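As you go down the protein sequences, you meet chains A and B in turn. Numbers 6 to 449, taken from the numbering used here, label the letters of the first sequence in order. Numbers 8 to 441, taken from the numbering used here, label the letters of the second sequence in order.
Read the hints as simulated data drawn from the structure, not as lab findings. Bear in mind that the values here come from a model prediction, so they are computed numbers and not experimental data. For glycine and all other residues, C-beta sits at the position ideal for the given N, C-alpha and C. One or more hints might be untrue.
[What the hints assert, rightly or not] Straight-line C-alpha distance at most 30 Å; calculated DSSO-like pairs for lysine-lysine:
no.: 1; chain 1: B; residue 1: K356; chain 2: A; residue 2: K117
no.: 2; chain 1: A; residue 1: K194; chain 2: A; residue 2: K148
no.: 3; chain 1: A; residue 1: K301; chain 2: A; residue 2: K148
no.: 4; chain 1: A; residue 1: K194; chain 2: A; residue 2: K149
no.: 5; chain 1: A; residue 1: K117; chain 2: A; residue 2: K148
no.: 6; chain 1: B; residue 1: K174; chain 2: A; residue 2: K117
[Unchecked claim] Quick list of simulated restraints, FRET-style, between CB atoms:
no.: 7; chain 1: A; residue 1: G116; chain 2: B; residue 2: I216; range: 53 to 59 Å
no.: 8; chain 1: A; residue 1: E426; chain 2: B; residue 2: G411; range: 54 to 60 Å
no.: 9; chain 1: A; residue 1: T113; chain 2: B; residue 2: T297; range: 53 to 59 Å
no.: 10; chain 1: B; residue 1: E407; chain 2: A; residue 2: H138; range: 57 to 63 Å
no.: 11; chain 1: A; residue 1: A23; chain 2: B; residue 2: S218; range: 19 to 25 Å
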Amino acid sequence: MATSHQASGIQAARLDAAGIAENFSDLHPAYDAHEAAVAADRCYFCYDAPCMTACPTSIDIPQFIREIQAGHAESAARTILEQNILGGMCARVCPTETLCEEACVRETAEGKPVEIGRLQRYATDTLMEKGEHPFTRAASTGKKAAVVGAGPAGLAAAHRLAMLGHDVVIYDAKSKAGGLNEFGIAAYKSTNNFAAREVEWLLQIGGITMDYGKKLGAELSLDALTAEYDAVFLSIGLAGVNALRAPGEDKDGVRDAVEFIADVRQAEDLTMLPVGRNVVVIGGGMTAVDAAVQSKLLGAENVTIAYRRSRDDMGASRFEQDLAASKGVKLMFNVMPKAVHGNGAAAEIELEYTAVADGKVSGTGETVRLAADQVFKAIGQTLEGQPDALKLEGRKIKVSETGRTSLAGVWAGGDCASGGEDLTVTAVAEGRDAAMDIHSSLMG
Amino acid sequence: MADLTTEFLGIKSPNPFWLASAPPTDKEYNVRRAFEAGWGGVVWKTLGSEGPPVVNVNGPRYGAIWGADRRLLGLNNIELITDRPLQTNLEEITRVKKDYPDRAVIVSIMVPCEEQAWKDILPQVEATGADGIELNFGCPHGMAERGMGSAVGQVPEYIQMVTEWCKKYYSKPVIVKLTPNITDIRHPARAANAGNADAVSLINTINSITSVDLDSMAPEPTIGGKGTHGGYCGPAVKPIALNMVAEIARDPQTHGLPISAIGGVTTWRDAAEFMAMGAGNVQVCTAAMTYGFNVVKEMISGLSNWMDEKGYTSTQDFIGMAVPNVTDWQYLDLNYVTKAKINQDDCIKCGRCFAACEDTSHQAIAMSEDRVFTVKDDECVACNLCVNVCPVEGCITMEEVAAGQIDERTGEVVSGDYANWTTHPNNPAATAAE
């Protein structure tokens with residue numbers, strides 16, 4: 006029996022299995038062949054296409070769409086995957102509305118871009134459903150590379166290195182590959198266990214060994230890795246989570262949004278995943294939206310995103326904001342957490358209204374209290390556990406354009422490294438480019 | 008609403024939209040429904056001689072090509088003339104004409120190239136009360152191999168001979184339907200004229216193979232692993248038909264010969280264009296076969312609306328108006344100079360004009376770092392390719408360089424005077440002006 010929306014506290018089974026299945030279905034359902042043909046036909050095959058320039062991995066978008074339009078989605082997939090080996094996941098999770106589709110000339114012309122993301126998914130799904138891997142390994146170079154972190158950057162780097170003939174070992178602290186693709190993205194963007202299937206498909210290239218349960222700073226040390234391998238690529242992500250720095254943060258029911266999202270992604274049965282009746286998410290990025298929307302989809306009665314700046318400053322795109330609103334999430338702007346109240350467990354959150362002057366946020370003194378039996382912190386992740394020998398830039402590992410760190414023989418990419426946005430697609434580009442640089446450095 | 012009543016060869020119909028001789032007009036059932044939908048007339052599907060009817064293939068008889076969203080652009084067929092008994096058709100024609108006296112009913116005929124065959128069938132057709140006949144000299148498949156259809160239409164002497172027989176044994180209007188599968192449409196039209204045809208209708212379908220099945224390695228439509236050429240029609244053939252209609256309309260020997268135009272008429276605009284090009288009415292088939300009889304309703308409302316806007320009160324008002332403006336290349340004004348102009352407010356920065364001009368034309372469009380596209384007047388030859396490839400209608404226009412202005416490409420002042428190739432100094436055959 007499902008518990009009702011109104012059940013107080015953090016409860017499982019707010020919805021029955023049918024309700025959960027409906028709520029967690031594919032956000033953008035896959036195209037069938039005719040829909041794909043019609044969507045592909047809208048592409049103008051622009052000269053020096055703006056969409057391609059906007060793509061962090063520089064996929065030749067007009068080319069792959071033309072291949073779909075001409076009826077060979079497999080070639081289209083190859084065009085995509087040559088640039089972005091995780092093109093299947095990126096098709097699902099890229100904020101296309103701020104990347105390729107924002108740049109699409111049809112967005113300019115009529116406010117309706119070519120649906121590049123869905124077309125990319127059609128192409129990559131078509132190829133992957135055939136179980137084919139379109140790339141083969143070059144002859145062995147005899148060189149060995151270690152990749153630390155099996156997220157998008159690490160997988161992209163490993164695949165490219167393996168393809169070029171190097172032997173690669175990927176280490177990961179968890180027991181499963183995928184990084185944020187597996188643990189950190191809303192479930193409705195990666196249905197049917199896609200992240201794991203994509204990793205399995207990627208590994209078909211051969212030459213990549215997975216080694217789980219190995220964490221840098223614990224089972225692994227950078228010195229040992231550099232001694233053993235010809236090259237090391239670090240893609241350790243951002244393991245730390247920023248604190249609220251408000252009284253009551255330690256009460257039961259207050260937790261990190263990334264943990265909750267990982268629980269949703271790894272749950273065997275979502276009806277059994279507990280969620281609060283009144284959920285408040287602190288933050289304004291994609292993680293905040295993913296946590297808030299999924300709380301709502303699990304059956305929370307009231308879900309609020311509380312962000313300390315204005316709507317325009319929000320890290321989550323307008324599409325994501327609208328998605329949240331359409332699911333019934335309330336968006337509050339210019340409020341910051343002042344305290345979490347409750348007797349042992351959170352019951353209310355006190356928010357203070359803010360004003361922004363010269364880019365600095367300060368409280369106005371006016372406060373508001375919301376019922377909150379569950380509070381998610383989504384105010385950013387931080388680099389944690391990086392080797393001391395590496396120079397930082399800001400709060401990230403300092404790298405060159407091609408991912409070189411301050412230490413010879415060590416490259417880094419993805420969210421842990423400086424430069425670029427913290428997006429799957431950016432991580433893939435960084436992993437790929439570092440691999441190319443490693444290759445030229447090893448083969449010099 | 009403008010009155011669309013059209014008189015063609017003295018045959019009145021409430022509008023100029025007739026269904027062409029084809030599957031839609033094969034039987035009473037369809038024709039009655041077509042008239043109920045609003046069609047002005049029909050050309051009944053071609054009758055053959057008395058006796059056992061022809062047989063059709065039992066596999067697919069149509070092939071097609073498509074545009075975006077599977078919009079049908081071209082259709083081809085290997086269907087033959089009616090495969091129903093002559094008497095059945097004649098009885099149905101009689102009943103239909105009696106019930107729809109205000110609609111045009113024309114009977115298409117194809118019998119062997121022997122006088123007796125025509126002498127036998129024509130009195131029977133006359134007895135139906137139908138308004139006229141159309142001689143099917145165009146069908147390019149199946150019947151041509153038996154010495155009929157386009158086998159006749161490709162030999163002007165036969166056209167004249169058969170037309171003369173028809174005029175001898177039939178008292179009402181005789182329309183000769185022409186095949187486009189020839190090198191110069193004017194010759195068969197002249198032959199029909201010489202045989203005293205009341206009108207010509209064109210075009211019949213074009214020899215074609217629509218596609219090849221790359222698995223079975225056979226042309227489509229495929230019948231038991233084999234295929235054959237069929238007749239091509241639909242929107243894709245309109246430009247070919249329009250030219251052939253124009254050729255006949257402006258040929259001094261056939262100018263004024265009534266024309267019933269056929270070839271890809273899909274909307275009112277296609278019909279208006281054919282009529283402006285000299286056709287007294289139009290015949291439609293593929294549009295009806297693609298969308299059903301109701302397409303005529305848009306043709307009726309569209310043509311009326313346009314006529315109202317233009318102040319035309321009768322279709323007669325605009326028939327043939329474009330004919331005087333069709334000329335030969337050598338008479339085009341070489342002193343008429345235009346330049347492409349890109350309207351920056353409308354431009355969506357796709358760069359297709361740039362790619363087309365840079366790669367395949369005259370390198371006359373510049374592209375800036377921030378994707379602003381501008382025409383280089385000193386390179387632009389006004390070819391119009393940029394206009395044609397631009398996805399935004401009206402974004403690129405061709406602007407005339409007025410007399411007295413300098414054409415930056417040639418550095419010469421544009422003269423306001425008309426001058427053509429016949430007098431151009433580069434023409435070895437030029438006749439000196441002085």
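Comparing the hints with the structure gives:
no.	hint	in the structure
1	B:K356 to A:K117	15 Å, holds
2	A:K194 to A:K148	37 Å, violated
3	A:K301 to A:K148	49 Å, violated
4	A:K194 to A:K149	35 Å, violated
5	A:K117 to A:K148	48 Å, violated
6	B:K174 to A:K117	61 Å, violated
7	A:G116 to B:I216: 53 to 59 Å	42 Å, violated
8	A:E426 to B:G411: 54 to 60 Å	57 Å, holds
9	A:T113 to B:T297: 53 to 59 Å	33 Å, violated
10	B:E407 to A:H138: 57 to 63 Å	59 Å, holds
11	A:A23 to B:S218: 19 to 25 Å	46 Å, violated
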